[in-house]
Amino acid sequence: MENWNKCIFLTAALCGAGSGQAFGEPPEQPRQVVHPDIERREIPRIAIDTENFELGPYAGIISIQDFNSEVVYGLRGAWHVTEDFFFEANYGVSEADLTSYEKLSGGVPLFSDDERDYSYYNLSLGWNILPGEIFVFDKYAFKSDFYFIGGAGNTRFLGDNWFTVTLGAGYRLLLNDSVTWRLDIRDHIYDREAFGARETTNNIEWSTGLTFFF
Amino acid sequence: MADRVPGNENNRWRAELLKPLFALLIAMLASTATHAQGTGQATADQQRMRSTVVDAYLEMRTAPGRGYPVFYVAERGERLVLLKQKTDWVKVRNQRGIEGWVHVDEIARTVDELGDVLAFRSPDLDSFSNRRWEAGIMLGGFGDTDAVSGYGGFHFTRNLSLELELTENFGDFSDGRMATLNIVHQMFPHWRYSPFLTIGGGVRETNPRSTLVSTSDRTDNTASVGAGLRVYLSRRLLLRLQYRNYVVMTNRDDDEEVDEWKIGISAFF
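Residue numbers (my numbering), protein chains in the order written: chain A, 1 to 214; chain B, 1 to 269.
Among the hints, a few may not be true.
Unchecked claim - If you want the ones that stay clear, here's a sample from chain A, every Cβ over 12 Å from chain B, calculated:
no.: 1; residue: Glu-51
no.: 2; residue: Leu-55
no.: 3; residue: Ala-89
no.: 4; residue: Glu-95
no.: 5; residue: Lys-103
no.: 6; residue: Tyr-121
no.: 7; residue: Asn-122
no.: 8; residue: Ser-124
no.: 9; residue: Pro-131
no.: 10; residue: Leu-158
no.: 11; residue: Thr-164
no.: 12; residue: Leu-174
no.: 13; residue: Arg-182
no.: 14; residue: Glu-193
no.: 15; residue: Arg-198
Unchecked claim - Chain A stretches covered by chain B per the calculated footprint, using a threshold of three residues with CB under 8 Å from any CB of chain B:
no.: 16; region: 60-74
no.: 17; region: 81-88
For the record, the hints were derived by calculation from the structure and aren't laboratory data. Glycine residues also receive a C-beta, built at the ideal position from the N, C-alpha and C atoms.
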């Protein structure tokens, strides 16, 4: 009962309060003082030159197990993912000579010339474990990296493809931001059964080259 | 004479195809030439991104790496030109011509002419779940043989991606190369350990070992299904584990079924 009374009383009060406006002029819309004239700016992808890729030729010497040490030429490309890690791909070619046995026996060669063509590729992960700086006189400072690198790939030799694990270390000296001088030692390890029995071979390669960051 | 007619048509068709290619090439050369004319330090700097230091200070290092010494500290209000970026480091030049390397996280706290914060950020778990491109190398076993592969993928959505994978495998009796195109679906892109399912098809070339006689190279189509796991490591790196079951559709009576296990490391951007 009390609630009803309250209700009626409140309704009457509201009608009384609202009547002034209800019978007066129509309510004005609040005037907009400031018009939003903001152009939404798309944040553009930063237009800045990134130099995370490295590409360059190299030359060196590879010691092919059971054969001679031979000149090797190659091309390498790297993608620097962070300041510590990089992915690298290498492709190199060389050509083996006679084996020691072939030379000493003076007999018929065991392999044809085509089979003596040596080529390899590998996909590797490098770790710049010792970044540094090299000082020349008191004026110049060059950035350098000593890195470990390991990967896997293929060696094509003696007419077949061999699964090859590559392990090594290298040194990169940045002559400026874009040009580097590199020095690499890699061991190409693969199981070969060209002489009948399966044997693990170690083929150590020493190489040097220039690379360009872009 | 009659034989030559289709040949001519073929040539004409080729010429039609080459025309737009040449046009495109010339346009590209022209644009690079005009670009080259416009270079010069001053003009180049105008085109470059500028920013102003709003933090109390900004550290400039001698080389792009966290271990290199800080040789200059830029003050609040100093204006910088952003020259280039290497991994997570940006080379800047101030108004006095001092050049140094600044980490992207610090650049992200500078502002451009309009006072907006620059859209730099160092990669984290969030960028991992929103990545567009992914590439990596993998090692493992294809059946009883050793396998190595490289792949690249594009993410259409956070869940779906298309990947091209090149694999080479080396066995006792044969080795082979395989190119496959795969659709990869990850159910939970925002998880650090993100599982995925994959389905795809491709071509496989098998070369028997040269020591085996009376066998020849063969090329077969393949289809595969698989599953795997991506694990976000840090920065731009992720670990990838995957299993696939391949059906190699040979010309022989039976198709070959091969299991493949692989582990790899990838980067995204």
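The hints, checked one at a time:
| no. | hint | in the structure |
| --- | --- | --- |
| 1 | Glu-51 | violated, 5 Å |
| 2 | Leu-55 | holds, 15 Å |
| 3 | Ala-89 | violated, 8 Å |
| 4 | Glu-95 | holds, 18 Å |
| 5 | Lys-103 | holds, 23 Å |
| 6 | Tyr-121 | violated, 9 Å |
| 7 | Asn-122 | violated, 8 Å |
| 8 | Ser-124 | violated, 8 Å |
| 9 | Pro-131 | violated, 5 Å |
| 10 | Leu-158 | violated, 8 Å |
| 11 | Thr-164 | violated, 9 Å |
| 12 | Leu-174 | violated, 8 Å |
| 13 | Arg-182 | holds, 16 Å |
| 14 | Glu-193 | violated, 7 Å |
| 15 | Arg-198 | violated, 9 Å |
| 16 | 60-74 | violated (count 0) |
| 17 | 81-88 | holds (count 5) |
In summary, the numbered hints that this structure violates are 1, 3, 6, 7, 8, 9, 10, 11, 12, 14, 15, 16.
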